[in-house]
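Just need the whole structure built from these sequences, with the hints factored in.
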Amino acid sequence: MSAVLAERGLGDRLTGLFWRRPNLLLLLMIAPPLIWLGLVYLGSLAALLLQSFYYIDEFSGVVVPEFTLKTYVELFRAQNLDIIFRTLLMSASVTLGCALLAFPIAYYAARYARGPWKAAFYLGVMLPLWSSYLVKVYAWKLILAKEGIIGWAAGVTGTTPILDAVLGLPFIGGNSLSTSFLGTWMVFVYVWLPYMILPMQAALERVPLSMLEASADLGASHGQTFRTVILPLAMPGVIAGSIFTFSLTMGDYIIPQIIGTSARFIGQAVYQLQGTAGNIPLAAAFAVVPIVIMLIYLHLAKRAGAFDAL
Amino acid sequence: MAVAVEFSHVSRHFGQVRAVDDVSLTIEEGAFFAMLGPSGSGKTTCLRLISGFEKPSSGTIRIFGEDVSNIPPNRRNVNTVFQDYALFPHMNVADNVAYGLMVKGMGRAERLRRAEEMLALVKLDGYGGRKPGQLSGGQRQRVALARALVNEPRVLLLDEPLGALDLKLREAMQDELKALQQRLGITFVFVTHDQHEALSMADRLAVFNEGRIAQIGSPEEVYARPATRFVADFVGSSNVLPPEITQRLGGPAKWSSLRPESLRIIPAEAAALAGSVTALRYLGAGTRVQIAVQGTAPGAEIAALVPAGIAVPQPGETVGLGFDPAHLHVMEGA
Chain A
1 MSAVLAERGL
11 GDRLTGLFWR
21 RPNLLLLLMI
31 APPLIWLGLV
41 YLGSLAALLL
51 QSFYYIDEFS
61 GVVVPEFTLK
71 TYVELFRAQN
81 LDIIFRTLLM
91 SASVTLGCAL
101 LAFPIAYYAA
111 RYARGPWKAA
121 FYLGVMLPLW
131 SSYLVKVYAW
141 KLILAKEGII
151 GWAAGVTGTT
161 PILDAVLGLP
171 FIGGNSLSTS
181 FLGTWMVFVY
191 VWLPYMILPM
201 QAALERVPLS
211 MLEASADLGA
221 SHGQTFRTVI
231 LPLAMPGVIA
241 GSIFTFSLTM
251 GDYIIPQIIG
261 TSARFIGQAV
271 YQLQGTAGNI
281 PLAAAFAVVP
291 IVIMLIYLHL
301 AKRAGAFDAL
Chain B
1 MAVAVEFSHV
11 SRHFGQVRAV
21 DDVSLTIEEG
31 AFFAMLGPSG
41 SGKTTCLRLI
51 SGFEKPSSGT
61 IRIFGEDVSN
71 IPPNRRNVNT
81 VFQDYALFPH
91 MNVADNVAYG
101 LMVKGMGRAE
111 RLRRAEEMLA
121 LVKLDGYGGR
131 KPGQLSGGQR
141 QRVALARALV
151 NEPRVLLLDE
161 PLGALDLKLR
171 EAMQDELKAL
181 QQRLGITFVF
191 VTHDQHEALS
201 MADRLAVFNE
211 GRIAQIGSPE
221 EVYARPATRF
231 VADFVGSSNV
241 LPPEITQRLG
251 GPAKWSSLRP
261 ESLRIIPAEA
271 AALAGSVTAL
281 RYLGAGTRVQ
291 IAVQGTAPGA
301 EIAALVPAGI
311 AVPQPGETVG
321 LGFDPAHLHV
331 MEGA
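So the sequence lines, in the order shown, correspond to chains A and B.
Just so you know, we're using the UniProt record's numbering here: the first sequence kicks off at 1 and counts up by one.
Just so you know, we're using the UniProt record's numbering here: the second sequence kicks off at 1 and counts up by one.
Hints are not guaranteed to be accurate.
Calculated cross-link-like contacts (lysine-lysine; reagent style DSSO-like; alpha-carbon spacing at most 27 angstroms) [claimed, not checked]:
1. B/K104 - B/K55
2. B/K123 - B/K168
3. A/K302 - B/K123
4. A/K141 - A/K118
5. A/K118 - B/K55
Treat the hints as calculated values from the structure; they're not laboratory data.
Structure follows, in structure tokens:
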């Protein structure tokens, strides 16, 4: 029996090569995603950024490829600022709504669900993602419409006055739920909820039970434990989830088109500007807004210590 | 002396499993009390019953005379050093130690001053600004200790406090914990599966087996006069002798125990008990000799400890066993 075993072919030769040159394996593994991210993804982002510094000639309607901040100045017109603030407000309230709804679900899944209940949790959270987004949104239109399920249920239970009172609220109310900001918000919250639950659950799963016990042992009430231990430790997950819900809401143009008022959101503005209006520079400048907002948001979150527990 | 902790007929069932089964015990104020037993014997559940993380299925628990059945953990004046230390990773050491004072509403300057005092007590002064992740296992353990003690608990609970430390550090911490307990006069209750740790640190100990207390007493009592076969076997790897061997050694027809260090190797012809050597284990301070005793069921072996410096028999050799009859402990229990 010799001390060295015979080579069994290509597999062994490659194993040997990678053992002698560990960096080669790493390079081969990360090269494809690096090319994808570097060229396709960041490249198109750079092209977008570049477009936003061009402007459109008002007479000919032709894009002039000269560096200017004119297009950005246009963003600050009252009607465009309206769109930005409306989108920002909607994104923030959708994120808040998702966070409040997701927390108990994620907490239950992380702390109590075991075996088949855990499987049921994952299935329940993921199941809505299996059907088309459009189908879900149109289904919600049927639910929220004036003659829809909610209106019918309110009639049967005699709660129509409550529904009318809610719809009578200024700004968020409207003719029916399907033509109000409240309706848009409800559908956004429904559609993006899984994206908040899953990272939150992953973060809560990593908080050991003994840490909660230690807090109680040292005299903290449930509320104090939540504020000083659970929330800070779950924060990276909450932030990850909120990045999803926030940016997905900011970029969406279909939901506000189908459900809600005629007031536009950033996504709709981009869609119309690059399409019918042919104003690519302004569309690009609008598209930069969510990116800037997300960067500011992440910066603030980091400064508040949201990633300290990572 | 007042009674710090009192269990009367306490049981804790998890479904069909009786984790703690009709346990009654009292722990005196100022004691260093050990709960010793193998894993799953109910010792940790008992500790968690005192801290309030478990509720008894039946029976009552009193802490300094007060029935705590309906008192949640945060209102019990006892603190725990957790097995994994459970330090808060997002807070620095000083904030960790001051946590108990913070949730009670003490001002920042005052609580940090007290935290610093506690850190000095566990010899970690100047470490307040570090994060738990930057500390070694031994240092984390001291932080966990300081964090519990800063609240001036009436009872300190320690769950396998030294389990995660290496041998050298463990021995140093044993001495330190003992000294700290004597200095502060607080009742310490600690859980361990390590009989050496229990014997060397505690002034009273309870040996747990299958949810019940097999024996309770001072380390000397438990070691020298084990009440049951289980205790004899678990505390200090004693020889547990069946009734027929006890009789051959001049005792009654009952189970008995005999420590390996109480046995001497003597010539076979002079001995009441003889057998052949099957294995040797060198232990440094001596050699443990396994002997298959003649006239008993195969597999029944007796261990004798031969101190260093005395000739060790070789495997296969037939030897006799001599002992001082005073060391033969007859067990009244099963």
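Hint check results:
no.	hint	result
1	B/K104 - B/K55	24 angstroms, holds
2	B/K123 - B/K168	17 angstroms, holds
3	A/K302 - B/K123	34 angstroms, violated
4	A/K141 - A/K118	31 angstroms, violated
5	A/K118 - B/K55	26 angstroms, holds
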